[in-house]
Structure formats: structure tokens, C-alpha cells
Amino acid sequence: MRVPIDVVRQFIQEHVPFNKYLGMELARLDDGFCRIEMETKPEFIGDPLRPALHGGVLSTLCDATGGAAVWTKVEPMDRISTIDLRVDYLAPGRLARLVAEAQVMRVGNHVGVVDVRVFHADEPDRTIAVARAVFSVKRGGAPLELPK
Numbered sequence: 624m625r626v627p628i629d630v631v632r633q634f635i636q637e638h639v640p641f642n643k644y645l646g647m648e649l650a651r652l653d654d655g656f657c658r659i660e661m662e663t664k665p666e667f668i669g670d671p672l673r674p675a676l677h678g679g680v681l682s683t684l685c686d687a688t689g690g691a692a693v694w695t696k697v698e699p700m701d702r703i704s705t706i707d708l709r710v711d712y713l714a715p716g717r718l719a720r721l722v723a724e725a726q727v728m729r730v731g732n733h734v735g736v737v738d739v740r741v742f743h744a745d746e747p748d749r750t751i752a753v754a755r756a757v758f759s760v761k762r763g764g765a766p767l768e769l770p771k
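Numbering-wise (the numbering used here), the sequence shown opens with residue 624 and increments by one.
Note that these hints are calculated values from the structure, not bench results.
Any given hint could turn out to be false.
Capping the alpha-carbon separation at 20 angstroms, the derived lysine to any residue pairs in SDA-like fashion look like this [to be verified]: (1) Lys761 to Ser704; (2) Lys696 to Glu666; (3) Lys643 to Leu718.
Simulated restraints, written as ranges between beta carbons of each label pair [what the hints assert, rightly or not]: (4) Glu666 to Ser704: 35 to 41 angstroms; (5) Phe641 to Val757: 16 to 22 angstroms; (6) Pro627 to Ala714: 17 to 23 angstroms; (7) Asn732 to Ala650: 17 to 23 angstroms; (8) Pro674 to Asp653: 30 to 36 angstroms; (9) Gly679 to His638: 18 to 24 angstroms.
We put the CB at the ideal spot given by N, CA and C, even for glycine.
Please construct the entire structure, taking both the sequences and the accompanying hints into account.
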């Protein structure tokens, strides 16, 4: 039995304080796929001369989206954590709604591999970053219980 999609959704949006602080919104979650959207803020600018979003905002979005996609492929008693995240920044991000889409490539006994694409909602054909994320999958343990 995989982790129910509604549990993953609630966990990502309500129980990860950093995701909530950044304003991440889970837009779509299916088996092996996740789409997270978020509004940008002036505080997210890393290069004020362009201005362009800070790469850390984009990499955080990639990590969260990839992790949520992997959660749809594991059992309720499994745990995941990021092993490696490689982000290629292809174009400057601007102060506009961001979208990240993650597709699981493979989940094995110990690792899950995900590809992520980031773009602006108003320019879906213009990719601003792509990522490959690798997550550790620790099998077994206590069942996932959400804080009250």
C-alpha cells in the first residue's frame, strides 16, 4: 500500500514549515508526478541588477517537488531524504508565479530518482531550470502520522 495522495498533500502543504513559509501550493499530485506552484516575493531576488530570483529558491522548489513525487511511490512506513540535487539554471527567474513539475524516473529498494522542470506559469514553454534529484528511501519504520 502506497502513502495516500491526500496524506502526501497535507504533509507537504501544512506540515513542512519551510514550504509553508515560502508559499508552496501543491497543484497536482499523481502516482509518480507532482506539480507545485508558488508566488514569488521581492525578498526572493538574488541578483538585484537584473533582477533575478535567487538560485536557492529554485533549488528548494525542485527539492520539495521531487520529494513529493517520490512520496507517491513508497509505502507509509518508508522515509525519504535528499541524497543529491543537481540544478541547471537555464534562464533568470523573475517575479512571477513559479511552477515546478517532477516526474519519478525510478524508485528502487534504496533510492528514488526524479527529473524536475521549473518555469513561470505565464510562460510554460520557457524552462528556467531543470533538476535531477536522488532521494534515499529507507524502508520500514513507524507509520507516517501527521502532527495534530
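Evaluate the given range 17 to 23 angstroms for the C-beta pair formed by asparagine 732 and alanine 650.
-> Violated, at about 30 angstroms.
Proline 627 paired with alanine 714, Cβ distance criterion 17 to 23 angstroms = violated (36 angstroms)
Between glutamate 666 and serine 704, does the beta-carbon spacing fit 35 to 41 angstroms?
-> Violated: the Cβ-Cβ distance is about 27 angstroms, outside 35 to 41 angstroms.
If you draw a straight line from the CA of lysine 761 to the CA of serine 704, is it 20 angstroms or shorter?
-> Holds, at roughly 8 angstroms.
Would you mind confirming whether the straight-line C-alpha gap from lysine 696 to glutamate 666 stays at or under 20 angstroms?
-> violated (34 angstroms)
Can you let me know if the beta-carbon spacing of proline 674 and aspartate 653 is within 30 to 36 angstroms?
-> Holds - the Cβ-Cβ distance for proline 674 and aspartate 653, about 34 angstroms, lies within 30 to 36 angstroms.
Within a Cα-Cα threshold of 20 angstroms, do lysine 643 and leucine 718 meet the stated pairing?
-> holds (18 angstroms)
Do the beta carbons of phenylalanine 641 and valine 757 sit within 16 to 22 angstroms of each other?
-> holds (20 angstroms)
Confirm or reject the claim that glycine 679 and histidine 638 have a C-beta distance inside 18 to 24 angstroms.
-> holds (22 angstroms)
Of the hints listed earlier, those the structure fails to meet are numbers 2, 4, 6, 7, in rising order.
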